[in-house]
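**Student:** Single-letter residue listing:
Number of protein chains: 2
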Amino acid sequence: MFLAKINVTLKPTVNDPQGTTVLGGLKSLGFNSVKDVRVGKFLEVKVDETDPSKARSVVNDMCEKLLANPVIEQYSVELVEDPG
Amino acid sequence: MFLAKINVTLKPTVNDPQGTTVLGGLKSLGFNSVKDVRVGKFLEVKVDETDPSKARSVVNDMCEKLLANPVIEQYSVELVEDPG
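Quick mapping for you: the protein sequence lines, in order, are chains A and B.
So that you can map any letter, position 64 of the first sequence is 64 in the working numbering, and since no number is skipped, the others follow by simple counting.
So that you can map any letter, position 63 of the second sequence is 63 in the working numbering, and since no number is skipped, the others follow by simple counting.
The set of hints was computed from the structure by calculation and includes no laboratory data.
Since this is a predicted model, take the numbers as computed values, not measurements.
For every residue, glycine included, the Cβ atom is placed at its ideal position computed from N, Cα and C.
Some clues are possibly wrong.
What the hints assert, rightly or not - Stretch-level coverage of chain A by chain B, calculated; a stretch enters the list once three of its residues show a Cβ under 8 Å from a Cβ in chain B:
| # | segment |
| --- | --- |
| 1 | 9 to 18 |
| 2 | 44 to 54 |
| 3 | 57 to 65 |
| 4 | 68 to 76 |
Said to hold, decoys possible - Taking lysine to any residue pairs in the SDA-like style, the calculated list, with each CA pair at most 20 Å apart, reads:
| # | chain 1 | residue 1 | chain 2 | residue 2 |
| --- | --- | --- | --- | --- |
| 5 | A | 65 | B | 27 |
| 6 | A | 11 | B | 41 |
| 7 | B | 65 | A | 5 |
| 8 | A | 46 | B | 24 |
| 9 | A | 41 | A | 77 |
| 10 | A | 54 | A | 11 |
Model the full structure from these sequences, guided by the hints.
**Tutor:** Printed below as a string of structure tokens:
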């Protein structure tokens, strides 16, 4: 069993209005040292595979097909062994 | 300047209907080895501070006040130095 920790973020060239809104919120709360905010998704996916390279290829496949939009988003996967 | 990479997740005891929906989607796409999905937020925040411990305390403060809901969510912060 593996636990995949997946970060999905907008590509750097893509506008992030949600991040801009959060930035405005932080500034209005008095956090004047904040310069930029980008917002993405974080997913934890448990896959029942025994081989780490197979697990990674399955998770990458999930990202391409459902979890990320490859046109505007990029993703990174960290795979850790999970006892249960 | 520091870049804070923040993962915000629901506490383990809190139901995650969004994760359940993604799990169903993955299964219906034929990913039968997937066992569990939890969905959270990922934020990248640039803060203009020189001292890492000050930067960390500012970012923790942001999480408590705006970025996470401490009643049902937990967060983790990774701080990396950012050239600009």
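**Student:** Taken at face value, is the distance from the CA of residue 24 (chain B) to the CA of residue 46 (chain A) at most 20 Å?
**Tutor:** Given pair residue 46 (chain A), residue 24 (chain B) holds - Cα atoms ~13 Å apart, limit 20 Å.
**Student:** So if I understand the rule, the pair passes when the alpha-carbon distance is 20 Å or less; does residue 65 (chain A) with residue 27 (chain B) pass?
**Tutor:** The given pair, whose Cα atoms are some 12 Å apart, holds under the 20 Å limit.
**Student:** Can you confirm whether the C-alpha distance between residue 41 (chain A) and residue 77 (chain A) stays at or below 20 Å?
**Tutor:** The hint holds at about 12 Å.
**Student:** Are there three or more residues in the segment 68 to 76 of chain A whose C-beta lies closer than 8 Å to some C-beta of chain B?
**Tutor:** violated (count 0)
**Student:** Can you take a look at whether the segment 44 to 54 of chain A is actually covered by chain B? Rule is 3+ residues, C-beta closer than 8 Å.
**Tutor:** holds (count 6)
**Student:** Holds or violated: residue 65 (chain B) and residue 5 (chain A), Cα atoms, limit 20 Å.
**Tutor:** 25 Å, violated
**Student:** Check the hint pairing residue 54 (chain A) with residue 11 (chain A) against an upper bound of 20 Å on the C-alpha distance.
**Tutor:** 26 Å, violated
**Student:** Three residues or more, CB to CB closer than 8 Å: is that satisfied between the segment 9 to 18 of chain A and chain B?
**Tutor:** violated (count 1)
**Student:** Given the hinted pair residue 11 (chain A) and residue 41 (chain B), is their Cα-Cα distance within 20 Å?
**Tutor:** Given that 20 Å is the threshold and the Cα spacing comes to 16 Å, the pair holds.
**Student:** For the segment 57 to 65 of chain A, do three or more residues have a beta carbon lying closer than 8 Å to a beta carbon of chain B?
**Tutor:** holds (count 4)
The structure fails hints 1, 4, 7 and 10 (numbered hints given earlier, in ascending order).
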